[in-house]
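Protein chains in written order, with this note's numbering: chain A, 8 to 375; chain B, 8 to 375; chain C, 8 to 375; chain D, 8 to 375.
If you're looking for bench data, these hints aren't it; they were derived computationally from the structure.
Some hints here could point you the wrong way.
Treat identical chains as interchangeable: a pair holds within one or across any two.
Stated by the list, open to error - Keeping only pairs whose Cα atoms sit at most 20 Å apart, straight-line, the calculated EDC-like set for lysine to aspartate or glutamate is:
{"hint": "1", "residue 1": "Lys-150", "residue 2": "Glu-45"}
{"hint": "2", "residue 1": "Lys-310", "residue 2": "Glu-265"}
{"hint": "3", "residue 1": "Lys-153", "residue 2": "Asp-47"}
{"hint": "4", "residue 1": "Lys-317", "residue 2": "Asp-273"}
{"hint": "5", "residue 1": "Lys-204", "residue 2": "Glu-260"}
{"hint": "6", "residue 1": "Lys-153", "residue 2": "Glu-276"}
{"hint": "7", "residue 1": "Lys-205", "residue 2": "Glu-265"}
{"hint": "8", "residue 1": "Lys-317", "residue 2": "Asp-47"}
{"hint": "9", "residue 1": "Lys-204", "residue 2": "Glu-194"}
{"hint": "10", "residue 1": "Lys-204", "residue 2": "Glu-265"}
{"hint": "11", "residue 1": "Lys-192", "residue 2": "Asp-53"}
{"hint": "12", "residue 1": "Lys-153", "residue 2": "Asp-107"}
{"hint": "13", "residue 1": "Lys-310", "residue 2": "Glu-276"}
{"hint": "14", "residue 1": "Lys-205", "residue 2": "Glu-260"}
{"hint": "15", "residue 1": "Lys-104", "residue 2": "Glu-80"}
{"hint": "16", "residue 1": "Lys-153", "residue 2": "Asp-178"}
All of these numbers come straight from a predicted model, not from anything done at the bench.
There are 4 protein chains.
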Amino acid sequence: MAGNSIGQLFRVTTFGESHGIAIGGVIDGCPPGLALHESDMQGDLDRRKPGTSRYTTARREGDEVQILSGVFEGVTTGTSIGLVIQNTDQRSQDYSKIADRFRPGHADYTYQQKYGTRDYRGGGRSSARETAIRVAAGAIAKKYLKQEFGIEIVGYLSQLGPISMALEAPDSINDNPFFCPEPGKLEALDAYMRDLKKSGDSVGAQVSVYATNVPVGLGEPVFDRLDADIAHAMMGINAVKGVEIGDGFGVIEQLGSEHRDTLTPDGFETNHSGGVLGGISTGQPITVNMALKPTSSISVPGKTITVEGKETDIVTKGRHDPCVGIRAVPIAEAMLAIVLMDHCLRHRAQNAQVQSPTPTIPGQVGQS
Amino acid sequence: MAGNSIGQLFRVTTFGESHGIAIGGVIDGCPPGLALHESDMQGDLDRRKPGTSRYTTARREGDEVQILSGVFEGVTTGTSIGLVIQNTDQRSQDYSKIADRFRPGHADYTYQQKYGTRDYRGGGRSSARETAIRVAAGAIAKKYLKQEFGIEIVGYLSQLGPISMALEAPDSINDNPFFCPEPGKLEALDAYMRDLKKSGDSVGAQVSVYATNVPVGLGEPVFDRLDADIAHAMMGINAVKGVEIGDGFGVIEQLGSEHRDTLTPDGFETNHSGGVLGGISTGQPITVNMALKPTSSISVPGKTITVEGKETDIVTKGRHDPCVGIRAVPIAEAMLAIVLMDHCLRHRAQNAQVQSPTPTIPGQVGQS
Amino acid sequence: MAGNSIGQLFRVTTFGESHGIAIGGVIDGCPPGLALHESDMQGDLDRRKPGTSRYTTARREGDEVQILSGVFEGVTTGTSIGLVIQNTDQRSQDYSKIADRFRPGHADYTYQQKYGTRDYRGGGRSSARETAIRVAAGAIAKKYLKQEFGIEIVGYLSQLGPISMALEAPDSINDNPFFCPEPGKLEALDAYMRDLKKSGDSVGAQVSVYATNVPVGLGEPVFDRLDADIAHAMMGINAVKGVEIGDGFGVIEQLGSEHRDTLTPDGFETNHSGGVLGGISTGQPITVNMALKPTSSISVPGKTITVEGKETDIVTKGRHDPCVGIRAVPIAEAMLAIVLMDHCLRHRAQNAQVQSPTPTIPGQVGQS
Amino acid sequence: MAGNSIGQLFRVTTFGESHGIAIGGVIDGCPPGLALHESDMQGDLDRRKPGTSRYTTARREGDEVQILSGVFEGVTTGTSIGLVIQNTDQRSQDYSKIADRFRPGHADYTYQQKYGTRDYRGGGRSSARETAIRVAAGAIAKKYLKQEFGIEIVGYLSQLGPISMALEAPDSINDNPFFCPEPGKLEALDAYMRDLKKSGDSVGAQVSVYATNVPVGLGEPVFDRLDADIAHAMMGINAVKGVEIGDGFGVIEQLGSEHRDTLTPDGFETNHSGGVLGGISTGQPITVNMALKPTSSISVPGKTITVEGKETDIVTKGRHDPCVGIRAVPIAEAMLAIVLMDHCLRHRAQNAQVQSPTPTIPGQVGQS
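Looking at chain A on its own, in the form it has when it is part of the complex (with noise of 0.2 Å):
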């Protein structure tokens, strides 16, 4: 039942199927006097948005939003912001041919076994179509966040299959179609992508995102900690399947004299925990790796079984991304900005002096 809203203070609730008439949302608690129009999140939303180049879906959305309420001579007043994109290239007909087979890898199998039914067309809700919807509202979190914390929250693809990538170059994040932060890659990623289409299959990812200026102090032990709801966030992204919080997996070999972050009267010197340490924030840059799986919808044929149990074969021609790491992105940006958002407002209702960051000395995100 009910399971489409994510928040506590700060909720986004969500609606809408890949080719419906509409995806939409509401926004509910974001603070009043915050200067808010369309352009906010468009610019977010275009990053996500499919078409933009050969690398991700051909499907063409202007991924459009409307606020259809909360906002009141250009500025938020407090209340509930309704927001609606409507779905514009449907092609419903590329779709008719998978209404009675399971795609694998695809959650067509699940949502027929738990709902008895499902709306077959381009994965209907279990599209990543709905997360335009997070991205218009986690533009809306970025945006407070920076004005009033002066939080930054950044993403970029730091693998993809084989290629794995330093952040070397943030500011060339956003210049190229891959998020990509080492410019040096550019010509492999182009290159392993080509045969990558060729070959009519898809590939992994890894995206990573951090945020910087984050006060000290965010999160409610021993549940609600920042690193646990930032977990859900991300695993509740499509297609993710490991988070990692600063040094991740590779704690596994790490002993403790090596991983414990060093505080000097001038900050951390190190910041293996992510900028985390007991589900509260340090002050230190909050560092987070996903990995996402590859498509399951390629033009590699397979086997599957039809709705009525019996074997079949399936090869999915709709348009597709050979990776969907590449656009998701902006939605782990998004969320991350939703979760701290969140838990900004939660630390503030303890009357908390929202306190300044504590710097990490060598100041390099990315690196511990």
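Given chain A's structure and the hints, the job is docking chains B, C and D onto it.
Only chains B, C and D this time, still in chain A's reference frame:
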């Protein structure tokens, strides 16, 4: 503010500090009619409790749980279950030296910054001592899940520092102090831990947990997804820095043609997904890995700052686990049980026929 | 912060202002498989909508609801249902005069103080226009409750100013513009309302609502009691200042020997309790009364202060209901339906056999 | 399922049955830095506890609350506060006769039907004994509200059966066993209660509670309105059948020109609204009335049915309050405190300047 509850229909709320009078909690939403006695929880509490082997802290706690309410004539009544465990071996004097300084890697600094005060005795609320109540709650969930649905939950240590272990002998997991599923590694583990203790250092670990006989259809997309809620619960365990479902970070370098689990009339051919597709259980085993950082309480001397921000030295002399990952095994099982319990109840609200799980043809958990 | 949602498993979230582009909402948790079309909601929307009789405001709104998601091939899919109603007859010019002053009895002052700003057009978010979405959500709940459990929900006007009405002819309630259940009072109501309109004043009212065929066992003590949740939902309707269950304030002068409803092998002899004991439904009809204050928008001149705090005059010239209680009848039904729907789902989570209601021997609703 | 918590940021969860080992609860979200000792709660617990006068039940409970966590060195730490009160005077033998039959007017029947079982000893979970923990939680809220905002909360008995009492002498409320605010009525009350006890019957009552110095702006429309949450909390008190805010049911016969509270540069001229407009506090006193039914445990013989549905007789011989309304006074205060506390924290999350209350010119609470 309020953050000490987890779950919606099966809701666990905990209280208590490491060296307070007692720890305890409330289990709300346990269906009526379940035979329940303290002894149903004691087994898992004993698996978690300190002082049982030379590989864990020497603190001795009976960890005897008492049921204060919600059970009448040996059976749950559907009302809230109050639990309490007295703290017996507090030795507060051990901790007096840390009142004025922040132990690096611990939550001392963040609690102090967030709340302006902290119970410094043994980490106070941030101590893993609190997880005893989670284990008790998880034992209730486990009993119900087993009885009502046949669900079984098994946790084990899959890596300790450099030593990785395969799930060779699930039946032997509880026969050794490491929750090691590969008997051939016991000697190496023992040797490694002896050396580690001598060095005064600590090491990270990976814990794995899986559930079998999970009904199809658990999870409430798009935010209260089963995988998202599992990630939330696991990242909320002390010291956890990473969570994977199914192939986890392994998906980054996979191709779509490799990753997708083929459906056949007899079930799934593989379980790369870890039993969750689109946030909903597939009926295959749910498989989860988590990375735990090395405990920060080590006798290797280090530097830190005082509460006043001045540089100082630190040596943690308390009784600590050189690898907190070991005792995290029953905690991970408990958290998975709590999440599954909540989602079984939520799914039932839809009036769904709870459906038999879907076989995975190779039938092996922990392999994909 | 976030406060625009109601319900836990059947959760309704609304947005929209009186004179914004549109109002709308998300219905989350509607079980799959329910045949649903806009026309299922339109009947109740038409009962609530303005401009249908000379006794209500002259504002003309089609109140045509559009389903944006959650329904596929005419049937709910279990995913969130997006609803939107365009605002068509806004006439913002009517309200320009009230931008600089607080209408007494309205929420102008409190919204301005709380948020530091407000959408002053027609009351903005505090306008009862928002309740159209509650009515639409309630219609979905009503349909499900009727189909699945046989529950029927009936509301009526039980008092208008000095004129009280008995539940004599439930079938005639929707045949007159007052939702009056006692046809003999129609003439008096008409005469009273004509005089009231002439005087430019408004008057209070009492609305009653009951549900029959309610299963035994709904309600989750001790806080999420059925009666507590009904009180919450009813007091949350604009202008409501009092709520009663069963005999309500009549119990003050009752003796225990009078009040207690005797149980017999054939059912309860009376229904003083209004169908709830200990916060749980008895299976008898749920009976609720609520008191609605007179609308504060009247043409009788009054005094107030400006936004700057200076004394000024006020005459509300807009198009207003001289008795807001009349149109509150379908809203009260909707809120009761939403609460019962949520509790039916919550009760089902316990895996309870949903049990037939318990007869009340005299069999009469609204009498005790 | 789970329903034993109230509040969002200040969340109270309770457990315990009338004749179990202990009752208790968790207070989550209390801000750090509040000086807190058991004695801060004991005063209100003593006001509620049984056995203090001949007008209440003869059961003797010390009702000594113990703080198990969340307080360190006399000050709250921001972590969850565990509370427990041992049951001492259980006398289970008194109740053995009611195991097989349903006491009319009690929750015996509904608990049995809902859960398929019940703790029949003294009403089990449905007993008002559980409210002791609410009173303890409320005392914490009261202390914080008073210290931080200057809010004062006062409850009193405003009617007992046919005897109504005016708020003449607020200072004398706690000097008499009836919480009577009109000393001239004490003799009549005493006489009435003597006769009532002789007759073996019980009677209903009205309790009133008000809060002064409430900041402007509390409440989160449109569903988490302050008045809606107050109604929820009050209707959730055992035996309450009706709740009013401000003029309550008196508004039915009022004209708009009478009801609207005129705003002047010096404050409101009247307080018909009871301190809430549009679901948000006005800064005037919050005034609430509630109706409590006569206790159903009386020695007047009656009829009922057995658990098997057969007709039988019933005489309740236990130790019971002939008017449960009397002891409900501190409970009503506690619930109002809990709601105000939650809303103060929620409002603060918006980063609102908490604003001084707005004067009511006549300055009198309980008058409009």
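Hints versus structure:
Taking identical chains as interchangeable, the C-alpha atoms of Lys-150 and Glu-45 lie at most 20 Å apart only when both belong to the same chain, with a minimum of 12 Å there against 37 Å between chains. In the homo-oligomer, the alpha carbons of Lys-310 and Glu-265 lie at most 20 Å apart only across protomers (13 Å), although the nearest pairing inside one protomer, at 48 Å, exceeds that limit. Only within a single protomer do Lys-153 and Asp-47 lie at most 20 Å apart by alpha-carbon distance; the minimum there is 13 Å, versus 42 Å between protomers. Proximity of Lys-317 to Asp-273 under the C-alpha cut-off of 20 Å is restricted to the inter-copy arrangement: shortest distance 10 Å between copies versus 66 Å within a copy.
Taking the shortest alpha-carbon separations for Lys-204 and Glu-260, only the inter-copy value of 16 Å comes in at or below 20 Å, while the best intra-copy value is 37 Å. For a Cα distance limit of 20 Å, the shortest separation of Lys-153 from Glu-276 qualifies neither inside one copy, at 25 Å, nor across copies, at 43 Å. For the identical chains of this complex, Lys-205 and Glu-265 are inter-copy neighbours only, at 17 Å across copies versus 45 Å inside a copy, given an alpha-carbon limit of 20 Å. In the homo-oligomer, the alpha carbons of Lys-317 and Asp-47 never lie at most 20 Å apart, since the shortest distance is 49 Å inside one protomer and 37 Å across protomers.
Proximity of Lys-204 to Glu-194 under the C-alpha cut-off of 20 Å is restricted to the intra-copy arrangement: shortest distance 16 Å within a copy versus 49 Å between copies. Taking identical chains as interchangeable, the C-alpha atoms of Lys-204 and Glu-265 lie at most 20 Å apart only when they sit on different chains, with a minimum of 16 Å there against 43 Å within one chain. For a Cα distance limit of 20 Å, the shortest separation of Lys-192 from Asp-53 qualifies neither inside one copy, at 23 Å, nor across copies, at 52 Å. Taking CA atoms no more than 20 Å apart as the test, Lys-153 paired with Asp-107 passes in neither setting, with 48 Å inside one copy and 32 Å between copies.
For the identical chains of this complex, Lys-310 and Glu-276 are inter-copy neighbours only, at 10 Å across copies versus 53 Å inside a copy, given an alpha-carbon limit of 20 Å. Taking CA atoms no more than 20 Å apart as the test, Lys-205 paired with Glu-260 passes between copies only; the shortest distance there is 18 Å, against 39 Å inside one copy. For the identical chains of this complex, Lys-104 and Glu-80 are inter-copy neighbours only, at 17 Å across copies versus 48 Å inside a copy, given an alpha-carbon limit of 20 Å. In this assembly of identical chains, the alpha carbons of Lys-153 and Asp-178 lie at most 20 Å apart only when taken from the same copy (17 Å versus 51 Å across copies).
The structure fails to meet hints 6, 8, 11 and 12 from the earlier list, while all remaining hints are met.
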